[in-house]
Structure formats: structure tokens, C-alpha cells
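Student: Given the structure of chain A, go ahead and fit chain B with the ligands onto it with the hints provided.
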Amino acid sequence: MTTVHTFRINGSDVAGTDGQSILAVATENGIDIPTMCHLDGLSDTGSCRLCVVEVAGSSKLTPACTTLVSEGMDVSTTSEQLCGYRRTIIEMLFLERNHICAVCVANNHCDLQNLAEELKLDHFELPVIAPKVGIDASHALFAIDHNRCIMCVRCVRVCDEVEGAHTWDVMGSGIGVRVVTDMGTPWGESTSCTSCGKCVQVCPTGALFEKGRSIGEGSKERRPFLPYLKNQAQEPELT
Amino acid sequence: MSESAPSAPPAPPKRPRRAADGLRPLEGPARASAYVCEAVSCLSAQSHDILLKLGEQVSGAGLKDVEVKRVGCLLLCASGPLVQIPGTGQLFSNVRPDDLDAIVEALADVTPGEQRAPEAPFFSRQRRIATENSGRIDPESLDDYVEKGGFEALRSVLTSMTPAQVREEITRSGLRGRGGAGYPTGLKWNTVAKAVGSPKYVICNADEGDPGAFMDRSVLESDPYRVIEGMAIAAYAVGASEGYVYCRAEYPLAVSRLRKAIHSAGRAGYLGLHILDSKLGFEVDVRLGAGAFVCGEETALIASVQGGRGTPTTRPPYPAVAGLWDQPTLINNVETFANIAPIIRKGGAWFAGIGTSTSKGTKVFALAGRVVNTGLIEVQMGTTLREIVFDIGGGIVDGRAFKAVQTGGPSGGCIPAEFLDMGVDYESLVGVGSFMGSGGMIVMDETSCMVDVARYFMDFCREESCGKCAPCRVGTTQLWILLDRISHGGATLDDLAQMERLGAMVQRTSLCGLGQGAPNPIFSTLRYFRDEYLAHIVDRVCPAGVCAIEPAPVPV
Ligand SMILES: Cc1cc2nc3c(=O)[nH]c(=O)nc-3n(C[C@H](O)[C@H](O)[C@H](O)COP(=O)(O)O)c2cc1C
Ligand code: SF4
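Just so you know, the sequences run in chain order A and B. Everything in the first sequence is counted per the numbering used here, starting at 1 for the first residue and increasing by one. Everything in the second sequence is counted per the numbering used here, starting at 240 for the first residue and increasing by one.
Hints are computed from structural coordinates only; laboratory data are not their basis. Virtual Cβ for every residue (Gly too), placed ideally from N, Cα, C. Hints may contain errors.
Label pairs and their computed distance ranges (CB to CB) [claimed, not checked]:
(1) A:166 - B:426: 32 to 40 Å
(2) A:166 - B:766: 44 to 52 Å
(3) A:11 - B:769: 36 to 44 Å
(4) A:10 - B:766: 48 to 56 Å
(5) B:517 - A:194: 35 to 43 Å
(6) B:529 - A:192: 50 to 58 Å
(7) B:637 - A:70: 52 to 60 Å
(8) B:556 - A:184: 28 to 36 Å
(9) B:357 - A:171: 52 to 60 Å
(10) B:436 - A:72: 21 to 29 Å
(11) A:70 - B:422: 20 to 28 Å
(12) B:422 - A:166: 43 to 51 Å
To be clear about the criterion: a stretch of chain B counts as covered by chain A if any three or more of its residues have a C-beta under 8 Å from a C-beta of chain A, and this derived list gives those stretches [stated by the list, open to error]:
(13) 693–704
(14) 711–718
(15) 747–760
If we strip away everything but chain A, and leave its shape as in the complex, we get (with noise of 0.2 Å):
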């Protein structure tokens, strides 16, 4: 028996069921609320903040995606605060690394991009971090360039819970963190790797992307064969 909760987004009473997180349940009633390491059919973790939101009675904020709902909770995902918050973090994704919009291979199929629109973020004013950071082109179908990588870890996720290969991982502290290929071995040779391409296609940048791809031209859409991967990237309608 499943019990269901009723509860309150930005003030409509909704309904959730045991163990629904506050964002599955804000997503079936249509209200939106930015991610960006959340990805469908993939384990959460609660990593980049930006579904955080403020709960009646809490002092903290709880980010939307690992917080399960509970009865009579009274959710709020749209102060101005939050708003702001939102857009700070997007900013620090931009300015951490280096992210050139007009050379960038993911150019206009992008989540980052995506979302500085939707937040609306037209200028950077804190301090440009962007450390000299390198490529990986070693293996033979795909690249991976760490200046446009958002630490989302979307592709080590989909590698071990997906794939089964478990080829990705995290290494390093503070703004020296990276996603490694086999213990950091580079990834032409790494012996875990099935070269399936899942953390390619999950790649909400254009850090992880098929060669031989030009500027703009890295859609996700034209291979769609993670069908139960969701919300990535809306590609513009083809006309």
C-alpha cells in the first residue's frame, strides 16, 4: 500500500506519493524547478543546487530532487531569493572553467546555456576563476574537454548505474576536481570502457563529445538511443 501526501507548491495543494521526491512531484504538476545534475532514471545527488528551495518551518534551504515529500510540507521554489541564488551558481559554472559559447561544439544544444536564458543571466560579476585545464582526445570515438566540464557527474553515474562499467569516477579537491577514466589513466586506454557513448549522450555540456563534430554541431538528439534518460537538452524544433 503506497500512502499519498498532499502538500503545498508555491501555494496549490498537490499530491505525492511515499517516497516521491519534492521535485517528481513539482515536475508532474507542471511547475518547473532548474536542475542540473538531476537526470531521469539516474540516481540523484543533490550536487549542484540549483533545485534547492525553502520549506515552511526550515531554516535551510533542501534541494527539490533527494528531498522526499512529506504531509502538510509547504514548499516554496520561486523567491526572489531562491531566483538569485540560482543565477549566482550559474554564473560560478561559467566562470570556474572556460566556457566559449561561440567555439563550443555543444553551442545552442547546451543545459548550461539553456538555463543562463531561462534565469536570465546577462552579465558575470564575481571573480573569473578559469585555471588552465586539459583535454582528453585519447580514445578513439570521443573527447573529453575538462573546460567545459561542470562536475555534474551525469557520465560517472550513467557508466556505473547504467552501463555497468563504472570507467568514470571523481578525483581531486576544491576547484581541482575532475572526472577520471580508470583511476586517471588516460581514457584511449582505459580497459573498463565499452566506448557506448551513454556518457556522451548525457553530457548536459559540450565537455564530453563525439569527434569529428564541428561548432554547434553536437546535438544529443540526432542518436536518441537513451530513450529512458530524460529532460536533457530541448533541441529546437527542425524546420
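Tutor: What follows is chain B with the ligands alone, placed relative to chain A:
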């Protein structure tokens, strides 16, 4: 509490008393003893040589009734190596292995029952509960610990109390977690006891990563059996069967003493199956941390014990409900466990009688910085900062003026002179914008620059951030860039305003306590020392003369 219930099993047979490693045992009772500190800071200053040489010289002088003994921390760490003659209370500091005559002479003069020398305020103002055996027993000797009442509490718990009664006693004591946030220990134990799942685990958090803090290390090095006893009592109270001590690998001596203690406690029947012939079975194992500060955070610690990368996860679920291997897990700090045995022995009401209305008992602090006496202190909750800095600490070195005291490590804050008469407890520290933390206490005088202090802690946080969540990973680096800009004189008032906005955002949106606490040093220094920030920005001078201010750019 009844000390010996009728069914109390016989105490294990006493083995003949051994002197410390490398020394011959005494034949008769000792007339006088010399305690040589062999905790790591004295050891690194050759205190083991001192122990051996002193042993030789004592026998060379024909003092057959003088015992030379290895003990744990004698607290006044910065003046080590330390040797104490407990009969008279004399303490010899900065002892050199080739200059032991004064100690031998003093030992020859000791007459039993002699009046003790009045203790220096550094010692007399302290109240020792968690460190009661520190510097008084040989940390590697189970017999020594048992002689001082060790494992009595475990025995009485197993023979005459139900688990619920134990938890009640801990709740009554008002003990709060010594690992930082001060969560009520009794409440935590009750939650774990009520959580559904088997097996349950007990974890002792000995990761101690705050810069300058070494309380937990000292407890483990000086009295490891006490922590084991506390953990075993906790295991009985919450129904756990396995325990881990998560200790950082940078503490090799603590780890080795702990391992020895676990081994000999197991052989003597204080750990293992059927502890003291009761139904309680409890094993303890040591897990080493690789030196990441964030691994002290409980969810990261659990990930690390499981063999994964030590990154925090979102709570709830709390470890008390789903912790190690998703089982109910009790995590407490070393010092929290060190307080358990005395509470059981003397009763929760006794403990609740010490301290302030909200914070009971004592707290161990690592007193460091610009005070005369630096070392380890254990004081009653509610002791004022003035007593700590000026009576116990002996005041500021070179007679300079006191400026601030930093508590709470990288999530803490700086408390200015106007609060010197404030009693220290969990609430009062938060009230003035700081934090209890694990117990680091750094005293600063007018030669410390507050911008530089904030910059130092932000540098620490940005390196120790696990990199999982964007606000902390990127935000701490950006805050550090802004602080660096200020300290070089290159910042504007806009930068200052931006730093405050960014700090608030990092505090609110970060995933774990590291990011949430990281902006605190900025906020507390801004609260009390904003003029110093303005001096750096507007006048381009560092009032304390610490920061290297670059000359203003020449307009073209
Ligand atoms: C970044 C971070 C570092 C921490 N480091 C430690 C530590 O070194 N030792 C410790 O006992 N607790 C540490 N804690 C607190 C633990 O998460 C936990 O609250 C504590 O071990 C609980 O024990 P207690 O209830 O006995 O205090 C840390 C917390 C955070 C957020
Ligand atoms: S706040 Fe910092 S340390 Fe904590 S999870 Fe986020 S990045 Fe890691």
C-alpha cells in the same frame, strides 16, 4: 549506581606491574616516581631518550625505590619535553636528555606524603574529566587503566543496567557532542536505539582536521582505553555489535596505541564476544583517513569507511537511521566517548551539575597562538575567555595587547576583547558569531591582521572543499580571490559588498557543513573588525603590518 552487583564476574587476574618499555620493573612499592610524557609532541622532542636515560641515571644513583614511567600528555605541550614528579607536583619543562641531574636530585629528595607544591594556575584552573588519566597512566598499560577505575563503568552497565537506563543516564547528564555542533548525545543514542535495522554500528570520529586542534589525538595517545570503554557502553546502549574508530593516518602514534589497546582489551575480555561474560558482543576496528578535512563530516566519513571517495551526501537520511552500509549508525566524537565512563561511574546528575544551563561538563581546548602557556586545557563549560587566556594561558606573550580569540576552526569566528568576560559554551559562542567546533582556540594579539586570518581560513576551505557542490567548490575560491585582492590593497568597496553577498549565498546553498561554515570567518571578522577591511581597501594600509600591500597604480 551500584558498583558491584551480586552477579559481577570476577575481575581478570592482575599481572605483575611492568615499567614502561626498556626499563626494569621495580621490586617493591615506589617511594617516588618520575612521569615522562610520551605523547607525540614530547616524543618528537626526544622524550623517549629522556625516559631511558633517566632510568639509567636513577639506577646509577642507587635509587632503587624510584619508578620511571611513561605517561600520556602532560598538557603544557609547547614547553616539552615534560617530566613530572607526581608526589610533589614538580614539573620539569624543556628537559634535555643530557641534563637530567636536577630531576634525579629532586627524586632523591621526595618523601612520601609530603605536601604538594601549589599547582600553577595553568593546572589548578582546569577541571579534568575527559583527560582525567592523561599524564597519570601509562597509555599502553591496561593494568594502569584498570587500576584508575577503568572498565568499572562498563562492568556496572553490563551487570546492573538495562540499555534504556544507560541512555537515560546519558540524557540526564546533558552531555552534548564534542565534535562541533553540540547535538545532545542522549537524544542521538535514543534515535539509533529506536531505528530499525541490524546490525547497528558505532563509529568514533577521530578525524580531527581543524588546523591547530589536537585534543582528540591527545586523548587517544594518552588514554585509549577510555575511548574503547565509552564505545562499548554505547554499543550496549544502542544495540550495536560492530564499531570503527576513524582516525586520520597523520596520527600514527594514536593509531598504534589504539590498536594495541583494542588488542589487549580484547584479550582481557573487554571486547569481543560475551564481554565480561555478558551477552554483549562488540568488536572494534580502526579505519584510517587519508587526511581530507571533509572526511570528518559524518556522511563523508561513512563513505570513506565503506571504501569510497569521502564526499558528503545530503541528509536526511541521517546516519542514525541509515548510516554505514545503510544501517543505523551512531557517530560520536572521541571526546564525547571519553566522557561516557565518568558519567556512568559518577552518575548523570553529577555531570549535569557541572557547566552552564545549556552546556554541561567540560570542554578540552587546544590553546595556541600568542599566549604564554600553549597546550591542552580542559575547562568547565562557562569558564570565561579571560580566565582561559590570562589565568590559564598566562596572558599574551611579550606583554602585548589582546586582540581576539579564534574558535571553531575554519567554520568559526574571531571573538574580540569586549567579550573576554563571556563564559564559553555552545550558545554563547554562536551568539557572538563563532562556533564551538572541535576545540581549537587561537589567541591573537595586535600583530595579527584580521583580513589575513579570514584569508588563511578561506584558503584552507577552498583546498579542502570536496568539490561536489558548485557553491562551495567555486564560491570558496572566489571568496578567497576577493580576500586576496583586499589584502593586497587592490580591492574596491564594491568587492567588499560582493564578498558579503557571495558569502551569504555560499552559506545558504552549500551541501554540507564545510561550505555552510566556510564564510563564517569573513562574517565574524567583518562584524568586529570592519575598520581593518576598510583600512586595506580605502587607505591601502594593513594596520597590523602583516599584509604586503602593493603600491597604488599610477594614473596615466
Ligand atoms: C567539514 C566538517 C568537518 C568535521 N570534522 C570533524 C572532526 O574532525 N571530528 C569530529 O568529531 N567531528 C567532525 N565534524 C562533525 C561530525 O560531522 C559529527 O557531527 C560529529 O562527529 C558527531 O559527533 P558528536 O555528536 O559526538 O559531536 C565535522 C563536520 C563537518 C561539517
Ligand atoms: S559544501 Fe563543499 S565540502 Fe561539502 S559537499 Fe559541497 S563541495 Fe563538498
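Student: Indicate, hint by hint, whether the structure satisfies it.
Tutor: We went through each hint and held it up to the structure:
{"no.": "1", "hint": "A:166 - B:426: 32 to 40 Å", "in the structure": "holds (39 Å)"}
{"no.": "2", "hint": "A:166 - B:766: 44 to 52 Å", "in the structure": "holds (47 Å)"}
{"no.": "3", "hint": "A:11 - B:769: 36 to 44 Å", "in the structure": "holds (40 Å)"}
{"no.": "4", "hint": "A:10 - B:766: 48 to 56 Å", "in the structure": "violated (35 Å)"}
{"no.": "5", "hint": "B:517 - A:194: 35 to 43 Å", "in the structure": "violated (54 Å)"}
{"no.": "6", "hint": "B:529 - A:192: 50 to 58 Å", "in the structure": "violated (23 Å)"}
{"no.": "7", "hint": "B:637 - A:70: 52 to 60 Å", "in the structure": "holds (59 Å)"}
{"no.": "8", "hint": "B:556 - A:184: 28 to 36 Å", "in the structure": "holds (32 Å)"}
{"no.": "9", "hint": "B:357 - A:171: 52 to 60 Å", "in the structure": "holds (57 Å)"}
{"no.": "10", "hint": "B:436 - A:72: 21 to 29 Å", "in the structure": "holds (27 Å)"}
{"no.": "11", "hint": "A:70 - B:422: 20 to 28 Å", "in the structure": "holds (22 Å)"}
{"no.": "12", "hint": "B:422 - A:166: 43 to 51 Å", "in the structure": "violated (35 Å)"}
{"no.": "13", "hint": "693–704", "in the structure": "holds (count 4)"}
{"no.": "14", "hint": "711–718", "in the structure": "holds (count 6)"}
{"no.": "15", "hint": "747–760", "in the structure": "holds (count 4)"}
Of the numbered hints listed earlier, those contradicted by the structure are 4, 5, 6 and 12.
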